[in-house]
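Visitor: Listed below, chain by chain, are the residues.
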Amino acid sequence: MLEYRGVTKKFYKRDAEVVALRNVSFKIDEGRFVSVVGPSGCGKSTLLNLSAGLSMPTAGEVLYKGKQVTDINTQLGYITQRDNLLEWSTVYDNIVIALRIRRMPRQKQKELADYYLNLMGLTDFAKHYPMELSGGMRKRASLARTLIYSPELVMMDEPFSALDAHVKGMMHEELLRVWELEKKTILFITHDLTEAITLSDQVVVLSARPGTVKAIIDIDLPRPRDPFLLQTTPEFIEIYHRVWELLRDDIRKSEAA
Amino acid sequence: MSDRSIPLSTVKKDDVLLEHKINPVAVRIRLIAIRLALFAVLLALWEAGVRYKLIDSFFTSQPSMIFQRLYEWAVGGQLVQHVPITILEAFLGFVIGTAVGGIVGFIFGWFEKVADLLDPFIIAIYSLPKVALAPLFILWFGIGIETKIILTATIVFFLVFYNTYAGVRDVSRELVDIVRLMGAGTLQVLWRVVLPSAMTVIFVGLRVSVPYALIGAVVGEMMASNRGIGFLLTNSTGQFDTAGAFAALVLLVIISTFLNGMIVALEKYLLRWKKTQR
Numbered sequence: 000m001l002e003y004r005g006v007t008k009k010f011y012k013r014d015a016e017v018v019a020l021r022n023v024s025f026k027i028d029e030g031r032f033v034s035v036v037g038p039s040g041c042g043k044s045t046l047l048n049l050s051a052g053l054s055m056p057t058a059g060e061v062l063y064k065g066k067q068v069t070d071i072n073t074q075l076g077y078i079t080q081r082d083n084l085l086e087w088s089t090v091y092d093n094i095v096i097a098l099r100i101r102r103m104p105r106q107k108q109k110e111l112a113d114y115y116l117n118l119m120g121l122t123d124f125a126k127h128y129p130m131e132l133s134g135g136m137r138k139r140a141s142l143a144r145t146l147i148y149s150p151e152l153v154m155m156d157e158p159f160s161a162l163d164a165h166v167k168g169m170m171h172e173e174l175l176r177v178w179e180l181e182k183k184t185i186l187f188i189t190h191d192l193t194e195a196i197t198l199s200d201q202v203v204v205l206s207a208r209p210g211t212v213k214a215i216i217d218i219d220l221p222r223p224r225d226p227f228l229l230q231t232t233p234e235f236i237e238i239y240h241r242v243w244e245l246l247r248d249d250i251r252k253s254e255a256a
Numbered sequence: 000m001s002d003r004s005i006p007l008s009t010v011k012k013d014d015v016l017l018e019h020k021i022n023p024v025a026v027r028i029r030l031i032a033i034r035l036a037l038f039a040v041l042l043a044l045w046e047a048g049v050r051y052k053l054i055d056s057f058f059t060s061q062p063s064m065i066f067q068r069l070y071e072w073a074v075g076g077q078l079v080q081h082v083p084i085t086i087l088e089a090f091l092g093f094v095i096g097t098a099v100g101g102i103v104g105f106i107f108g109w110f111e112k113v114a115d116l117l118d119p120f121i122i123a124i125y126s127l128p129k130v131a132l133a134p135l136f137i138l139w140f141g142i143g144i145e146t147k148i149i150l151t152a153t154i155v156f157f158l159v160f161y162n163t164y165a166g167v168r169d170v171s172r173e174l175v176d177i178v179r180l181m182g183a184g185t186l187q188v189l190w191r192v193v194l195p196s197a198m199t200v201i202f203v204g205l206r207v208s209v210p211y212a213l214i215g216a217v218v219g220e221m222m223a224s225n226r227g228i229g230f231l232l233t234n235s236t237g238q239f240d241t242a243g244a245f246a247a248l249v250l251l252v253i254i255s256t257f258l259n260g261m262i263v264a265l266e267k268y269l270l271r272w273k274k275t276q277r
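Sequences listed follow chains A and B, in order.
Number 248 in numbering that gives the first Met the number 0 belongs to position 249 of the first sequence; there are no gaps in the numbering.
Number 26 in numbering that gives the first Met the number 0 belongs to position 27 of the second sequence; there are no gaps in the numbering.
Any given hint could turn out to be false.
[What the hints assert, rightly or not] BS3-like mimics (lysine-lysine), calculated; alpha carbons at most 27 Å apart, straight line: (1) A:K9 <-> B:K267; (2) A:K109 <-> A:K126; (3) B:K112 <-> A:K109; (4) A:K182 <-> A:K167.
[Unchecked claim] One-sided excerpt, in silico: chain A residues whose CB lies under 7 Å from chain B: (5) E86; (6) Y91; (7) I100; (8) R101; (9) F124.
If you are wondering where the hints come from, they were derived from the structure by calculation, not from laboratory data.
Remember, predicted model here, so these are calculated numbers, not experimental data.
Quick reminder that beta carbons are idealized off the backbone N, C-alpha and C, glycines included.
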């Protein structure tokens, strides 16, 4: 579905060259839930911008369904840490924005919106403005807004990192439930190891800057998963320790830098 | 620049926990009653001070005379002759200044290169007190209504321009990217995201502009004209008619309040999502 082949990305900060990613190669198969973890500043978000065609690699290539990404990739959905809802529009209008952009007939918009409002438990809040919603509800609204236009691949950039622990746990449940239902391909960026292992089929570990792939770990935990129960099982803890060992030195390095 | 001149009543008060239940309507009515009483007391003191010769009426006039003068103007046709002119100048200047300032601000905000290129010029003109342009405008456009409209428009332009520019600059890049990934072209991004997102800041500019629009019109009239409230003002003081001067000021306050009310109403409607804040 999505493949990075020897991707290097450099930026320039005044005269200094900053290498965000160096020779990154991995791929994401269709229908898989893949997380990328790494210390802060390891170029995780750069990966997303490259796949979206918002910026181009300095070297190497990004392939989407076997074709090189050279322009904005409108097959993707993008969910960011800040939910970026349109504050001036109601929840309903927020959710259908992609459909309006694509000029879908009103009736069809309404049907889809009703389905996703219901799926995300937002039916009673359709006429509310984002400011009236709790943090969790805002997240569910931004999820609904993305899923509604059925992008083939959903990129999530630390979507839950601003939520408190309990709400975060509930969002994990929610996301897994919806993902089982829709079977989207998901590329999930996070610095939270527990989150990455709980949700994913595969975890890609990046090193400190310049970001390179340190390891790709398959998470063979059974599905469907219950995030709260899963996190106390010996299997989970074993994987957690393995990934943590890989990450520890790099986190130290990026902290020292 | 944009924070001042905003009415006190729009400063947001946090909801505080109260010991007792209150009836908001009753509280509001009582507040208005007290305000009216305060106003009445001040007028009464003023009037009494003049009548008992504590204050010299020549300098301060007195409320009864001011109302008398307003009544005379209303009956004598001066109101109809002068007030609409000032409103028209302020209004047209405001509309033109807002339109041009909004469009130019939008272009500057969206095309960073244009902004970088022209920035020093704009700063230079911005730092100029705009009323200093009045004599030149009179030379160029005469002493008619055009000069006042252009002066007003120039003042309003910069206020709206700067706020629009800042508003467009502040639009979340992420949000723009998200919407582009949904398939939106440039026009859709501008219409659905940038414009509404900048609207909050643009309105700050609009609200600040209202009193300034009147400055443009009145200063223009005071410098050269034979019509308008600014003319009434200079004409009254020229004849040592303080009651007339105060009457002109009362008219200005009424007009300014009215124009401001219109902007607030428009803002309430366009930015209604903000009012639902918990």
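Visitor: Confirm or reject each hint.
Guide: For each hint, the structure was consulted:
Only pairs whose Cα atoms come within 27 Å are accepted, and K9 of chain A paired with K267 of chain B is rejected, the gap being roughly 47 Å. A hinted pair counts as satisfied when its Cα atoms are at most 27 Å apart, and K109 of chain A with K126 of chain A qualifies at roughly 13 Å. A hinted pair counts as satisfied when its Cα atoms are at most 27 Å apart, and K112 of chain B with K109 of chain A does not qualify at roughly 41 Å. The straight-line distance between the Cα atoms of K182 of chain A and K167 of chain A is roughly 21 Å, inside the 27 Å bound, and the hint therefore holds.
With its C-beta approaching chain B no nearer than about 6 Å, E86 of chain A sits inside the 7 Å limit, and its interface hint holds. Against a cut-off of 7 Å between C-beta atoms, the interface hint on Y91 of chain A is violated, since the closest Cβ of chain B lies about 13 Å away. The beta carbon of I100 of chain A is positioned within 7 Å of a beta carbon in chain B (closest approach about 5 Å), and the interface hint is therefore held. Satisfaction of the interface hint for R101 of chain A is found here, the shortest Cβ-Cβ separation to chain B being roughly 6 Å, below the 7 Å cut-off.
Below 7 Å, beta-carbon pairs count as interface contacts, and F124 of chain A has none with chain B, the closest being about 12 Å; its hint is therefore violated.
Checked against the numbered hints given earlier, this structure breaks hints 1, 3, 6, 9; the rest are met.
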